[in-house]
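Chain order of the listed sequences is A and B.
The numbers in the numbering used here rise by one with no breaks, and the one at position 22 of the first sequence is 1380.
The numbers in the numbering used here rise by one with no breaks, and the one at position 184 of the second sequence is 367.
It is worth saying that the hints were derived from the structure and are not from the lab.
It cannot be assumed that every hint is accurate.
[To be verified] With a Cα cut of at most 20 Å, we get these calculated EDC-like pairs of lysine to aspartate or glutamate:
id, chain 1, residue 1, chain 2, residue 2
1, A, Lys-1364, B, Asp-261
2, B, Lys-331, A, Glu-1376
3, A, Lys-1360, A, Glu-1423
4, A, Lys-1379, B, Glu-329
5, A, Lys-1364, B, Glu-352
6, A, Lys-1362, B, Asp-258
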Amino acid sequence: MKSKVKELRARHGWNQTELAKRANISRQTVSLIERGEFMPSLLIATKIARVFETTIEDIFQFDEEELL
Amino acid sequence: MNKNLQFILQMLVGGAIGFFLMYWMLSSPLEGIAFSEYSVWVNGFLLVVLIGLLLFSLIRYRQIQRLLNQPLTGDTEDAADHQMYRWFSDGTLSLNLLLPLSLVLVSVNLVLDQQLSLVVTGFIVMGVGLIGSIRFQTLVQHMYPERKLPDISETDYAMKLLAASDDGEKHVMLEGLYKTHSLVNMMLIVGIILLLFYSLSTSSSQLFSIFVITSILMVSNAKYYLAIRNR
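Okay, chain A solo, but in the shape it has when bound:
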């Protein structure tokens, strides 16, 4: 899974703590997602997408093999 969280966060000029506060999740979770060590639940993905005012699909993309 590829995620655009880091890229979007940089575009908004936020650090991980700021994004975590806005999405009401922990900074540790933001860090894990950015490092690709944790696939977020639907709830967390929705919270992040809402903060960036975009869709989940726009932020998190799967390789074709992962969806088979």
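Fit chain B to the supplied structure of chain A, relying on the hints for placement.
Just chain B now, with coordinates in the frame of chain A:
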């Protein structure tokens, strides 16, 4: 190296060590470890470790407090949060180790030496460790003031703290707990085997300890597998 080959090699080396250890123990019976001869060293070692752990947790507590009072922004704030989390884990680990080690100190002195001062010291360290644990849990509220974390005085604090953790934090805890569960299972089995060897090679029966460890193994495994089976 191929993983299967590595596994077979580890099995062979483990088997060989086990065979020679068993052969050596059964061919040259020991007299058992005379703990009373070493009690001064054991007490000294335990006291040094206990004081070291207390000081270490105190240092970590102060470091977190100092970091909390610094106005940080940007990547420095993220790095500070990461560092605080590590220090918090260090401090909590030190305090968690205090309880079993101070229990050993109390046990050694109740069973062998009858040194009341060290028994009292053991209980004092236990109390200080408990107070330290409460202080550390209170510190979490200051580390994450924006989060709705339970108060330490609330009933079912541990369960409420788990419920307040998000999925990422639970993922990290799950990984740690699963590894711990597997490690504890393996280490208790090794412990039973060691006690068996000790009983066989000395005149000191360790059957009671073997029964206790076996009961712990059975209860912990039953608890785990019933928890996942009934979901």
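Here is how each hint holds up against the structure:
Restraint check: the Cα-Cα separation between A:Lys-1364 and B:Asp-261 comes to about 13 Å, which is no more than 20 Å; the hinted pair holds. Proximity of B:Lys-331 to A:Glu-1376 is assessed by CA-CA distance (about 17 Å); at most 20 Å being required, the pair is judged to hold. For the proposed pair A:Lys-1360 and A:Glu-1423, the alpha carbon gap of about 13 Å is at most 20 Å, so the pair holds. A C-alpha spacing of about 8 Å is found between A:Lys-1379 and B:Glu-329, which places the hinted pair at or below 20 Å, so the restraint holds.
Note on A:Lys-1364 and B:Glu-352: the hinted pairing holds, with a Cα-Cα distance of about 19 Å set against a maximum of 20 Å. Pair hint A:Lys-1362 plus B:Asp-258 holds up; C-alpha atoms about 18 Å apart against a cutoff of 20 Å.
The earlier numbered hints are all upheld by this structure, with none contradicted.
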